[in-house]
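Asker: Below are the chains, spelled out letter by letter.
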Amino acid sequence: MQNFMMNLQSIFPEVLMTIFGLILVVLDVMTKKEKKSMVGYFGIAFLLITALLTNPQVGGKYLGFNNMLMWDNFSYVFFVIFALAYTLTTLGSVEYLKDKGILKGEFYTIMFFSILGMMFMVSAFDLTIFYVGLETMAIAMYVLAGFNKNEMRSSEAGVKYFIIGAFSSAMLLFGMTYVYGATGTLNYLQISEVLKSGLVADNMTVKIGLILMLTGFAFKISAVPFHMWAPDVYQGAPTPAAGFMTVAPKAAAFAALIRFVYIALEPAAGLWVPLFSILAVLTMTYGNLVALAQTNVKRMLAYSAISHAGYMMIGLVAMNPEGYRAIALYSLIYVFMNIGAFTLLGILKNKGMVEDERLESFAGLAKKNPLYALGMLIFMFSLAGIPPLAGFIGKFQIFMAAMKADMIWLAVIGALNSALACYYYMRVTIYMYFNEPEYEVEATVGRSAFITSFIGVVMVLFVGFFPTAFINFVRHLLV
Amino acid sequence: MSGYLPIVLFLIVAGGLGVVVMFVGAIVRPAKYEKVKFSVYECGMPSLDENRKRLNLRFYIIAMLFVIFDVETVFLYPWAVSFDMIGLFGLIEMILFIVILVFGYFYAWQKGALEWA
Numbered sequence: 001m002q003n004f005m006m007n008l009q010s011i012f013p014e015v016l017m018t019i020f021g022l023i024l025v026v027l028d029v030m031t032k033k034e035k036k037s038m039v040g041y042f043g044i045a046f047l048l049i050t051a052l053l054t055n056p057q058v059g060g061k062y063l064g065f066n067n068m069l070m071w072d073n074f075s076y077v078f079f080v081i082f083a084l085a086y087t088l089t090t091l092g093s094v095e096y097l098k099d100k101g102i103l104k105g106e107f108y109t110i111m112f113f114s115i116l117g118m119m120f121m122v123s124a125f126d127l128t129i130f131y132v133g134l135e136t137m138a139i140a141m142y143v144l145a146g147f148n149k150n151e152m153r154s155s156e157a158g159v160k161y162f163i164i165g166a167f168s169s170a171m172l173l174f175g176m177t178y179v180y181g182a183t184g185t186l187n188y189l190q191i192s193e194v195l196k197s198g199l200v201a202d203n204m205t206v207k208i209g210l211i212l213m214l215t216g217f218a219f220k221i222s223a224v225p226f227h228m229w230a231p232d233v234y235q236g237a238p239t240p241a242a243g244f245m246t247v248a249p250k251a252a253a254f255a256a257l258i259r260f261v262y263i264a265l266e267p268a269a270g271l272w273v274p275l276f277s278i279l280a281v282l283t284m285t286y287g288n289l290v291a292l293a294q295t296n297v298k299r300m301l302a303y304s305a306i307s308h309a310g311y312m313m314i315g316l317v318a319m320n321p322e323g324y325r326a327i328a329l330y331s332l333i334y335v336f337m338n339i340g341a342f343t344l345l346g347i348l349k350n351k352g353m354v355e356d357e358r359l360e361s362f363a364g365l366a367k368k369n370p371l372y373a374l375g376m377l378i379f380m381f382s383l384a385g386i387p388p389l390a391g392f393i394g395k396f397q398i399f400m401a402a403m404k405a406d407m408i409w410l411a412v413i414g415a416l417n418s419a420l421a422c423y424y425y426m427r428v429t430i431y432m433y434f435n436e437p438e439y440e441v442e443a444t445v446g447r448s449a450f451i452t453s454f455i456g457v458v459m460v461l462f463v464g465f466f467p468t469a470f471i472n473f474v475r476h477l478l479v
Numbered sequence: 480m481s482g483y484l485p486i487v488l489f490l491i492v493a494g495g496l497g498v499v500v501m502f503v504g505a506i507v508r509p510a511k512y513e514k515v516k517f518s519v520y521e522c523g524m525p526s527l528d529e530n531r532k533r534l535n536l537r538f539y540i541i542a543m544l545f546v547i548f549d550v551e552t553v554f555l556y557p558w559a560v561s562f563d564m565i566g567l568f569g570l571i572e573m574i575l576f577i578v579i580l581v582f583g584y585f586y587a588w589q590k591g592a593l594e595w596a
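Residue numbers (the numbering used here), protein chains in the order written: chain A, 1 to 479; chain B, 480 to 596.
Among the clues, some could well be false.
Below 20 Å or equal to it, Euclidean Cα-Cα: the simulated DMTMM-like pairs (lysine to aspartate or glutamate) are [what the hints assert, rightly or not]:
{"no.": "1", "chain 1": "A", "residue 1": "368", "chain 2": "A", "residue 2": "436"}
{"no.": "2", "chain 1": "A", "residue 1": "32", "chain 2": "A", "residue 2": "99"}
{"no.": "3", "chain 1": "A", "residue 1": "149", "chain 2": "A", "residue 2": "34"}
{"no.": "4", "chain 1": "A", "residue 1": "100", "chain 2": "A", "residue 2": "156"}
{"no.": "5", "chain 1": "B", "residue 1": "590", "chain 2": "A", "residue 2": "106"}
{"no.": "6", "chain 1": "B", "residue 1": "590", "chain 2": "A", "residue 2": "34"}
Some chain A residues flagged as far from chain B (calculated, every beta-carbon gap over 12 Å) [as the list claims (entries may be wrong)]:
{"no.": "7", "residue": "23"}
{"no.": "8", "residue": "80"}
{"no.": "9", "residue": "473"}
{"no.": "10", "residue": "475"}
Which chain A residues stay away from chain B? Per the calculated CB distances, all over 10 Å, these [what the hints assert, rightly or not]:
{"no.": "11", "residue": "3"}
{"no.": "12", "residue": "8"}
{"no.": "13", "residue": "57"}
{"no.": "14", "residue": "128"}
{"no.": "15", "residue": "143"}
{"no.": "16", "residue": "160"}
{"no.": "17", "residue": "184"}
{"no.": "18", "residue": "194"}
{"no.": "19", "residue": "208"}
{"no.": "20", "residue": "299"}
{"no.": "21", "residue": "358"}
{"no.": "22", "residue": "400"}
{"no.": "23", "residue": "412"}
Hints listed in this document are in silico derivations from the structure and should not be mistaken for laboratory results. Keep in mind the model is a prediction, meaning the values are calculated, not measured. In this text, a Cβ means the ideal position worked out from N, Cα and C, and glycines have one as well.
My request is simple: use the sequences and hints to build the entire structure.
Answerer: Rendered as structure tokens:
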């Protein structure tokens with residue numbers, strides 16, 4: 001009975017989310033056609049209830065089902081990050097979806113179920129559970145990317161994401177079979193035990209398996225050179241969905257990677273730390289360099305998302321508690337600034353001549369919509385990592401973790417890269433404040449989009465000005 | 480690795496045999512070309528019209544629903560056979576599974592996926 005209770009406690013959040021998800025499905029068919037946003041609002045309420053009910057007290061660890069699932073502070077913090085991403089995306093998407101004529105309940109239901117998959121990924125202590133969670137999340141993401149089926153680009157994004165996603169999942173799975181073949185187990189703790197006996201150094205099977213698995217992971221977090229899908233998918237997807245996709249699945253993949261790499265691969269650090277250090281440098285530099293050349297702001301933000309994944313990888317290779325705390329903090333900050341930026345981007349409309357998100361569309365917005373321009377300015381400055389804003393705090397923590405791990409060269413490359421990134425983020429604000437408009441652009445911020453960007457701006461400023469309170473909050477949760 | 484040698488040999492022989500057969504065939508057979516010989520090989524009747532026609536989307540939806548509810552029955556059979564061993568736990572487990580599927584059924588029904596028109 002004791003065992004049963006422990007199992008139940010470890011899976012309770014997921015069970016709750018499944019029940020709520022099923023209720024959302026029913027709500028979707030019950031609501032009227034023009035009131036589908038209610039489904040999203042109910043989703044937010046459900047997430048709030050789950051977050052309140054499943055908070056493990058500090059240091060609480062619920063390990064169940066033969067050490068396959070773990071619900072602890074780490075899982076909880078990342079669940080809160082996903083829930084915030086859902087909340088902000090839902091609020092920011094209502095007007096956009098209505099405008100494009102794709103306001104359907106499924107958008108919110110699918111996003112809700114994708115969070116269920118992410119929770120399984122984060123709380124997995126076993127490769128099978130992790131894989132099932134990953135697929136639940138990924139399939140939901142393919143649908144979200146292709147959600148606007150009236151538009152060619154969105155469909156293309158969906159199909160592209162599906163093919164690359166299936167390919168990388170297959171690679172991951174293939175690697176898992178090798179690891180399983182060599183170690184005889186799928187459990188993280190047991191893999192770690194087996195690897196401790198010096199298996200990595202002289203066993204080719206384990207090496208091939210781990211390299212395949214890490215490559216699969218690199219695809220999921222869009223690390224260069226496995227990033228080719230990311231710009232096309234993020235550009236094609238409906239803008240709020242793109243905001244969600246650059247934040248939540250990436251945070252989930254990082255959290256799962258932290259779990260796997262810190263626990264199972266801890267004895268094999270000599271193999272993956274150099275690999276991921278190189279990937280981190282490539283990802284940051286490539287993402288920033290290509291973003292410089294973009295004239296479409298949505299595509300620019302897609303490349304910037306790649307470079308942000310590079311920064312987060314520094315926290316991963318630092319391999320100390322500061323590292324994963326910094327990643328959690330960075331993901332949390334990234335939720336506010338990136339979803340905020342994508343929400344504001346989704347509002348922008350020009351009278352059907354060229355792509356809405358062209359850089360020229362931003363020209364002269366400061367005079368016409370001062371509030372919109374101010375919000376965008378704050379998000380851009382925060383993404384660039386300008387000191388008094390939240391983005392700076394996130395980057396600072398990441399670089400500190402690298403310093404602590406004696407990887408000063410990585411921190412230096414990261415800092416140089418964020419200086420490089422300033423240029424293309426600044427360019428948007430320069431267009432808004434100093435250039436004359438070339439054509440007519442409409443940027444009316446609706447009620448729910450206003451709430452999203454308001455929350456985003458407030459949080460970015462709050463974290464920027466009172467970082468210690470926030471950092472302590474995350475540290476307290478992560479122990 | 481030596482245990483895999485027979486498999487490598489097998490692959491070489493299998494591949495080699497195919498190449499040899501094709502070459503020998505090309506040298507030995509008389510070369511008489513007719514129109515029928517150049518037509519695409521297909522079993523059965525020659526097709527009457529374009530075979531890349533558009534199909535009604537409903538077929539796919541019905542097929543997908545069939546797969547889902549077919550899997551349900553596939554699960555029900557072994558469950559029913561081993562019911563005396565798994566007992567109450569199995570019953571609750573199966574009820575949960577079917578309840579989740581019922582939600583999906585309700586959704587498909589309400590969205591009109593079961594109607595043909």
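Asker: For every hint, state whether the structure bears it out.
Answerer: So, going through the hints one by one against the coordinates:
no.	hint	verdict
1	368/A x 436/A	holds, 11 Å
2	32/A x 99/A	holds, 17 Å
3	149/A x 34/A	holds, 19 Å
4	100/A x 156/A	holds, 17 Å
5	590/B x 106/A	holds, 11 Å
6	590/B x 34/A	holds, 16 Å
7	23	violated, 9 Å
8	80	holds, 26 Å
9	473	holds, 36 Å
10	475	holds, 38 Å
11	3	holds, 13 Å
12	8	holds, 13 Å
13	57	holds, 29 Å
14	128	holds, 18 Å
15	143	holds, 14 Å
16	160	holds, 21 Å
17	184	holds, 19 Å
18	194	holds, 22 Å
19	208	holds, 14 Å
20	299	holds, 32 Å
21	358	holds, 35 Å
22	400	holds, 46 Å
23	412	holds, 45 Å
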